[in-house]
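Asks: Chain order of the listed sequences is F and E.
Using the UniProt record's numbering, read the first sequence as starting at 1 and increasing by one per residue.
Using the UniProt record's numbering, read the second sequence as starting at 1 and increasing by one per residue.
The set of hints was computed from the structure by calculation and includes no laboratory data.
Bear in mind that the values here come from a model prediction, so they are computed numbers and not experimental data.
Glycine residues also receive a C-beta, built at the ideal position from the N, C-alpha and C atoms.
Careful, some of the hints might be misleading.
[As the list claims (entries may be wrong)] Calculated from the model, a selection of chain E residues having no Cβ within reach of chain F, i.e. all distances over 10 Å:
| hint | residue |
| --- | --- |
| 1 | D271 |
| 2 | D311 |
| 3 | W402 |
[Claimed, not checked] In silico DSS-like cross-links for lysine-lysine, where the CA-CA straight-line distance does not exceed 27 Å:
| hint | chain 1 | residue 1 | chain 2 | residue 2 |
| --- | --- | --- | --- | --- |
| 4 | E | K262 | E | K15 |
| 5 | E | K262 | E | K165 |
| 6 | E | K15 | E | K165 |
| 7 | E | K15 | F | K205 |
| 8 | E | K247 | E | K9 |
| 9 | E | K262 | E | K396 |
| 10 | E | K262 | F | K205 |
| 11 | F | K205 | E | K9 |
| 12 | E | K247 | E | K262 |
| 13 | F | K205 | E | K165 |
| 14 | E | K262 | E | K9 |
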Amino acid sequence: MSDDAAGHAGDDAPEDDGAAVPAIRRVAGTGVPLRGDDIDTDQILPARFLKAVTFDDMGEYAFYDQRRDADGELNEHPFNEYQGANVLAVNDNFGCGSSREHAPQGLMRWGVEAIVGESFAEIFQDNCKSLGIATLAVDHGDAVDLQDFIEANPDAGIEVDVREETVRYDGKTVEGDVPDAMREALLEGIWDTTAVMRTNLDRAKEVNDSLPYTDD
Amino acid sequence: MSRGTLYDKVWERHKVADLPNGQDQLFIGLHLVHEVTSPQAFGMLRERDMAVAFPDRTVATTDHIVPTTSEGRDRPLADERAEEMLTHLEQNTEEAGIRFFGLDDDRQGIAHVVGPELGFVQPGMTVVCGDSHTSTHGAFGAIGMGIGTSQIRDVFATGSISADKKAVRRVEVTGELGDGVGAKDVILHVIRELGVDGGVGHVYEYGGEAIRSLDMEGRLAVCNMSIEGGARAGYINPDETTYEYLKGREFAPEGEEFEERKQYWESIRSDEDAQYDDWVEVDADDLAPQVSWGTNPEQVVGVDEPVPAPDETRDPEAAESAQDHTEVTPGETMEGHEVDVAFLGTCTNGRVADFREAARVLKGREVADDVRALAVPGSGTVKRKLEAEGIDQVFKDAGFQWREAGCSMCLAMNDDALEGDEVCASSSNRNYVGRQGSTEGRTHLMSPAMVAAAAVEGAVTDVREFDVAEEVGEPVDDRGADAEVSE
Chain F
1 MSDDAAGHAG DDAPEDDGAA VPAIRRVAGT GVPLRGDDID TDQILPARFL KAVTFDDMGE
61 YAFYDQRRDA DGELNEHPFN EYQGANVLAV NDNFGCGSSR EHAPQGLMRW GVEAIVGESF
121 AEIFQDNCKS LGIATLAVDH GDAVDLQDFI EANPDAGIEV DVREETVRYD GKTVEGDVPD
181 AMREALLEGI WDTTAVMRTN LDRAKEVNDS LPYTDD
Chain E
1 MSRGTLYDKV WERHKVADLP NGQDQLFIGL HLVHEVTSPQ AFGMLRERDM AVAFPDRTVA
61 TTDHIVPTTS EGRDRPLADE RAEEMLTHLE QNTEEAGIRF FGLDDDRQGI AHVVGPELGF
121 VQPGMTVVCG DSHTSTHGAF GAIGMGIGTS QIRDVFATGS ISADKKAVRR VEVTGELGDG
181 VGAKDVILHV IRELGVDGGV GHVYEYGGEA IRSLDMEGRL AVCNMSIEGG ARAGYINPDE
241 TTYEYLKGRE FAPEGEEFEE RKQYWESIRS DEDAQYDDWV EVDADDLAPQ VSWGTNPEQV
301 VGVDEPVPAP DETRDPEAAE SAQDHTEVTP GETMEGHEVD VAFLGTCTNG RVADFREAAR
361 VLKGREVADD VRALAVPGSG TVKRKLEAEG IDQVFKDAGF QWREAGCSMC LAMNDDALEG
421 DEVCASSSNR NYVGRQGSTE GRTHLMSPAM VAAAAVEGAV TDVREFDVAE EVGEPVDDRG
481 ADAEVSE
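Based on the sequences and whatever the hints tell you, model everything.
Replies: Below you can see the structure in the form of C-alpha cells.
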C-alpha cells in the first residue's frame with residue numbers, strides 16, 4: 001500500500017462539538033472483491049444471528065455461511081482472504097432483500113468503510129448512509145475491472161473519493177455516483193440525522209396535529 | 001417528476017422540513033415495531049437520553065422469533081436469546097408507553113398482518129417498520145416503507161425519517177384473472193417482467209382491471225412483494241373495497257368520524273390527470289399460476305411453461321447457479337417437481353383469505369406421505385377466525401400442522417426451518433439461498449392454493465387441474481355489528 005493511499009474514514013473530521021459525527025471525504029485502503037448480482041442481506045448476515053439485542057458481534061457473522069466449507073472450516077471466501085481491506089467491490093443490486101441493518105453493521109464491523117458496485121438496494125443504501133459507509137455506483141465494466149485488479153493486486157491502494165465521486169487505483173480515476181444525500185451527509189458530517197431532525201420536533205408536532213388521522 | 005399522484009399528495013402532507021443533506025424530513029403516521037430490529041434503536045435512544053416522541057403513533061408486536069407451537073410459547077422461551085429479545089421489547093414498550101401485542105395477547109402476530117386487520121393502517125398514512133415488507137401497507141393507499149435500525153432510532157426520537165422522494169411508476173395490470181390465479185401470481189409475474197432490481201429508485205402505483213378486482217387481502221399480498229422488485233414502496237389507490245375492509249376494525253374510526261375520514265382518503269387518490277415518471281403495462285389475461293424455479297423472486301415461470309435455459313434469462317450466470325442449487329431442468333415445466341415441505345403463512349399470504357383459498361383445495365384431500373405441511377396463521381386474530389369458521393379442521397383433517405401465529409419458516413428465526421436440502425412449496429416472499437433456515441434448502445414461491453396442491457401431490461402441481469370446493473367453513477364476521485362480511 002502506498003503511503004498517500006493509506007488513510008481512513010474521518011480524516012477530515014470537524015471540531016467535535018459533542019454530538020457531531022466525523023465528516024468523511026475519502027476512504028483509502030485496500031480492496032475486497034465480492035462477485036455476483038443480487039447478493040441479499042440474508043446472505044450478508046444470516047437470520048439466525050439476528051437474535052442479539054446489540055450489533056456488537058455482527059462483524060463475526062458477515063457472510064458466515066459462505067465463509068465455511070461443509071466441515072465448518074474457513075474456506076477461500078474473499079472475507080477470509082482479504083482481511084484488513086476496507087473497500088468492498090461488488091456487482092449489481094447489492095444488499096437486496098431484508099431491511100436488516102445487521103447486514104451493513106456486519107460489513108462495517110468486519111472493516112468495510114466504502115462499497116463500490118454497479119447498484120445497491122435502497123434500504124441497504126440508506127442503512128449505509130446512517131452508518132457513514134460510502135457507496136459508489138459505477139458501470140458494470142468498471143466494477144468488474146476493479147474486482148479483477150484487486151484479485152491481481154490484493155495489497156494495492158484504492159481510494160474512494162466521496163467529494164469527487166470517484167474511485168482511484170492503479171494510477172487511474174474511475175467516475176461513479178454517490179447519492180446526493182449521502183455525499184452531502186458524509187462531507188458535512190451529518191450522516192447521523194437524529195440531532196438535526198430533533199431540532200424540528202415542534203414542526204413535527206404541528207404536522208402530527210394537522211393530519212386528519214391523528215386524533216384517534 | 002410525478003405530480004398529482006397519491007404519493008405526491010401524501011408526501012406533501014407529511015413533510016416536516018428540508019434537511020441540510022437535501023432530503024426531506026417526513027413525518028411518520030404509524031411506526032410498527034417488532035423485537036428483532038428495535039432493541040438496538042431503543043439502546044441508541046437511551047445513550048442519547050431521548051424519549052420516544054410519539055408513542056401513540058407507535059404499535060409493537062412480536063413475530064420473527066416466536067415459537068409457533070402452543071407449548072413452545074411458555075415463558076421463559078426455551079431459546080434464551082429469543083427470550084432476551086422478547087423481554088427487551090416488553091420492557092422497552094412499557095417504558096415508552098407503546099401499545100404492545102405480546103404473546104399473552106390473542107391479537108399478537110406478524111406486524112404486517114396485525115396492523116391492517118386491527119385497523120391501524122389507513123389510507124393516506126406514512127407507515128414505517130424495521131422490516132422490508134412494510135411495503136405491504138400500500139394496499140390501503142398508504143406509503144409504507146421498510147427502514148433500518150438507525151432510522152428506527154430517528155422515528156423514535158423525532159417521529160420522522162430523512163428521505164428523498166422516488167420516481168413514481170404506474171404498473172397497470174390489465175386483463176382478467178382466471179380460476180386458480182390470484183394476487184400472488186400477479187405480483188410474481190410483475191417481478192418476473194420488471195426484474196428484482198426494476199423498482200430501484202421508484203415506488204410502484206399498481207392499477208388496472210386485475211388490481212381493482214382484488215380484495216384487500218390480495219392487494220396486501222401484491223404490495224407486500226413490491227420490495228422484492230426493488231421498489232421501496234408500492235401502493236393501490238383506496239376505493240370502496242378499502243373502505244369496506246376498514247369498517248368495524250377495532251382501531252379504525254367509527255360512524256361519523258369514519259365518513260369524515262373518508263373525505264381525506266378520497267382526496268389523496270391519484271388525480272385522473274396525474275403525471276407519472278414512468279408507466280408500464282403488464283398483461284395478466286390468461287396468466288397461469290406462477291412458481292419460482294430459482295433463487296431470487298424474478299426467476300419465476302408459469303407452472304405449465306418450460307423453465308428457461310440460463311442464456312434465455314436476463315442474467316445467465318445467476319440463472320445457472322440458481323438452477324444448480326434448485327436442481328431444476330431447463331426445458332421442463334415445474335409441474336411434477338417433488339417437494340418435501342409445504343409452508344402456508346407469512347406477511348405475504350398468512351391472512352384469512354389465503355387460508356380459505358388453500359382450504360378449498362385441501363377439503364376432502366390429504367397431504368402426501370412424507371410431506372411436512374405447516375399452516376401458520378399470520379396472527380392470533382386470523383387463527384381464531386379460521387377456527388370459528390371451522391377451516392382449521394380442513395387443514396387438520398388433511399394432515400397439516402395447525403400452528404400459532406408468527407413469521408415461522410419464512411426466515412427461520414424460530415424452530416421452524418428447512419432441514420438439509422429439503423424442497424419447500426412456500427407461500428412466503430423470498431427464495432434466496434439459506435432464507436428458510438438451511439443453506440442447502442430450496443424454496444419455491446407460489447400462491448396459497450398452489451402450496452396446498454403441492455402438499456397433496458407431493459410435487460408442484462397446476463391447481464387449475466384440481467376440483468376445488470366452492471365453499472369451506474361457515475363465514476363468521478367478528479368485527480362487530482356494523483361490518484359486513486366482505487373478505
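Asks: Hints first: check each against the structure and report whether it holds.
Replies: Verification of the hints:
Every beta carbon of chain F lies more than 10 Å from that of D271(E), the smallest distance being close to 19 Å; the non-interface claim holds. Under the 10 Å C-beta cut-off, the non-interface status given to D311(E) relative to chain F holds; the minimum distance is some 16 Å. With a cut of 10 Å on Cβ distances, W402(E) stays outside the contact zone with chain F, its closest approach being about 24 Å. About 21 Å separates the Cα atoms of K262(E) and K15(E), which keeps this hinted pair within 27 Å; it holds.
Using a Cα cut-off of 27 Å, the hinted pair K262(E) and K165(E) holds, with the two alpha carbons roughly 25 Å apart. About 11 Å separates the Cα atoms of K15(E) and K165(E), which keeps this hinted pair within 27 Å; it holds. Note on K15(E) and K205(F): the hinted pairing holds, with a Cα-Cα distance of about 12 Å set against a maximum of 27 Å. For the hint linking K247(E) to K9(E), the alpha-carbon distance of about 24 Å falls within 27 Å, and the restraint holds.
The hinted pair formed by K262(E) and K396(E) fails the criterion: a straight-line CA distance of about 41 Å is larger than 27 Å. Between K262(E) and K205(F) the CA atoms are separated by roughly 23 Å; this keeps the pair inside 27 Å, and the hint holds. Between K205(F) and K9(E), the direct Cα distance comes to roughly 19 Å. Compliance with the 27 Å bound is thereby established for this hinted pair. Of the supplied pair hints, the one linking K247(E) and K262(E) holds, its CA atoms being roughly 11 Å apart against a limit of 27 Å.
Restraint check for K205(F) and K165(E): the C-alpha separation of about 22 Å stays at or below 27 Å, so the hint holds. A hinted pair counts as satisfied when its Cα atoms are at most 27 Å apart, and K262(E) with K9(E) qualifies at roughly 15 Å.
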